[in-house]
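Asks: One letter stands for each residue in the lines below.
2 protein chains.
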Amino acid sequence: MREAVDLKKAYRLLNHGPTVLVSSAHNQKRNVMAASWSMPLDFDPPKIAVVIDKNTYTRELVDGSGEFALNIPGRALAAATVAVGDCSGRDQDKFEQFGLATFVAGKIAAPLLEGCVGWLECKIISEPRNHQLYDLYIAEVVAAWADVADFSNGRWHFAAGRERSIHYVAGGAFFETGEAFNVDE
Amino acid sequence: MREAVDLKKAYRLLNHGPTVLVSSAHNQKRNVMAASWSMPLDFDPPKIAVVIDKNTYTRELVDGSGEFALNIPGRALAAATVAVGDCSGRDQDKFEQFGLATFVAGKIAAPLLEGCVGWLECKIISEPRNHQLYDLYIAEVVAAWADVADFSNGRWHFAAGRERSIHYVAGGAFFETGEAFNVDE
Chain E
1 MREAVDLKKA
11 YRLLNHGPTV
21 LVSSAHNQKR
31 NVMAASWSMP
41 LDFDPPKIAV
51 VIDKNTYTRE
61 LVDGSGEFAL
71 NIPGRALAAA
81 TVAVGDCSGR
91 DQDKFEQFGL
101 ATFVAGKIAA
111 PLLEGCVGWL
121 ECKIISEPRN
131 HQLYDLYIAE
141 VVAAWADVAD
151 FSNGRWHFAA
161 GRERSIHYVA
171 GGAFFETGEA
181 FNVDE
Chain Y
1 MREAVDLKKA
11 YRLLNHGPTV
21 LVSSAHNQKR
31 NVMAASWSMP
41 LDFDPPKIAV
51 VIDKNTYTRE
61 LVDGSGEFAL
71 NIPGRALAAA
81 TVAVGDCSGR
91 DQDKFEQFGL
101 ATFVAGKIAA
111 PLLEGCVGWL
121 ECKIISEPRN
131 HQLYDLYIAE
141 VVAAWADVAD
151 FSNGRWHFAA
161 GRERSIHYVA
171 GGAFFETGEA
181 FNVDE
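Quick mapping for you: the protein sequence lines, in order, are chains E and Y.
Here the working numbering is used: the first residue of the first sequence is 1, the next is one more, and so on.
Here the working numbering is used: the first residue of the second sequence is 1, the next is one more, and so on.
Read the hints as simulated data drawn from the structure, not as lab findings.
We treat Cβ as the ideally placed atom computed from N, Cα and C, and that holds for glycine.
Among these hints, one or two may not hold up.
[What the hints assert, rightly or not] Simulated restraints, written as ranges between beta carbons of each label pair:
| no. | chain 1 | residue 1 | chain 2 | residue 2 | range |
| --- | --- | --- | --- | --- | --- |
| 1 | Y | P45 | E | N55 | 13 to 23 Å |
| 2 | Y | S88 | E | D93 | 47 to 57 Å |
| 3 | E | E140 | Y | G161 | 39 to 49 Å |
| 4 | E | A159 | Y | N27 | 45 to 55 Å |
| 5 | E | R129 | Y | D6 | 23 to 33 Å |
| 6 | Y | R90 | E | G161 | 46 to 56 Å |
| 7 | Y | A160 | E | P45 | 37 to 47 Å |
| 8 | Y | F103 | E | K29 | 49 to 59 Å |
| 9 | E | A79 | Y | A160 | 19 to 29 Å |
| 10 | Y | G99 | E | E3 | 36 to 46 Å |
| 11 | Y | D184 | E | D93 | 15 to 25 Å |
| 12 | Y | F98 | E | R90 | 25 to 35 Å |
Work the whole structure out from these sequences, hints included.
Replies: See below:
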């Protein structure tokens, strides 16, 4: 069951470095792209950083709307993660193309992807120099969600038989998020 | 055996989102801290982004020297990763405190940590607004290294019985980098 994540704990959705899908919408258009290059940037209010190349259609929608969502896919969406990274949303609606179902976000217009394990709704903090020079976007996380079967009380606890988050390498190769272990503090 | 990583493939050391140890040196002082918040930022020349809090001693050394290294620890260094995140190098030499051996970097003064699976030597690109407002540092990767048993031809291939990279969650909890799998492109 999908539930809201306490915003102070939203960084923990990304702290382990999973690959994300960036969804966006503007002027009746929508798109989704894959991004390996994202990270938390602050706790409270939570901020994240993500690289959005200036050649992408996502870049147009994100610049137009000032918003995007980071969707955290599990292994069942790995093929779709590669596929949406290999084509442009200028030419087609990738959601229809790849049969990706969506649901409505709480605080932004971008659609959220069904079948993911976590979601962060983000509003851009305008930093034009970063956008232009580095394709780097900083955004505030305004809402976050996770399935309580996978993430609760600020912790991931991927169980056997559940989807786990994934980490892209290159050329269609991924690592799954692996074994959990603890070190005494 | 440690070998140089082709700089165009250096981003792949970080692409899967491992936790890193940031090592630094300035004016006969050295330090090491843990960082979950880092990511690749560009391919060629390779750049990375990392968050270095302004309250840390590392921040002083990094600002003073303009350099740092990202060391990618395996699970055997997980306890040390938590330990160096729980104290300040202002009060002690953490390398001595925690018995961390080092070796000399190729292009920067910061020491590199023995026992890691990969290393990126970085020179800061000065972006004072990012430093001040977001504790965010962008740097060019000027040299990179990995053990060829773990990383070769631009790919991680963690084998059974070898150290794997790790992904910090919170409170001493980690995930190991998990199962490798491929999606046809």
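Asks: A separate judgement is required for each hint: does it hold in the structure or not?
Replies: Hint check:
1. Y:P45 - E:N55: 13 to 23 Å: 19 Å Cβ-Cβ, so the 13 to 23 Å window holds.
2. Y:S88 - E:D93: 47 to 57 Å: Cβ of Y:S88 to Cβ of E:D93: about 52 Å, so the range 47 to 57 Å holds.
3. E:E140 - Y:G161: 39 to 49 Å: 44 Å, holds
4. E:A159 - Y:N27: 45 to 55 Å: 50 Å, holds
5. E:R129 - Y:D6: 23 to 33 Å: Roughly 30 Å apart at Cβ, these two residues keep to the hinted range, so it holds.
6. Y:R90 - E:G161: 46 to 56 Å: Given about 47 Å between the Cβ atoms, the range holds.
7. Y:A160 - E:P45: 37 to 47 Å: 43 Å, holds
8. Y:F103 - E:K29: 49 to 59 Å: 52 Å, holds
9. E:A79 - Y:A160: 19 to 29 Å: Given about 26 Å between the Cβ atoms, the range holds.
10. Y:G99 - E:E3: 36 to 46 Å: 43 Å, holds
11. Y:D184 - E:D93: 15 to 25 Å: 23 Å, holds
12. Y:F98 - E:R90: 25 to 35 Å: The hint (25 to 35 Å, Cβ to Cβ) is violated, given that Y:F98 and E:R90 are roughly 52 Å apart.
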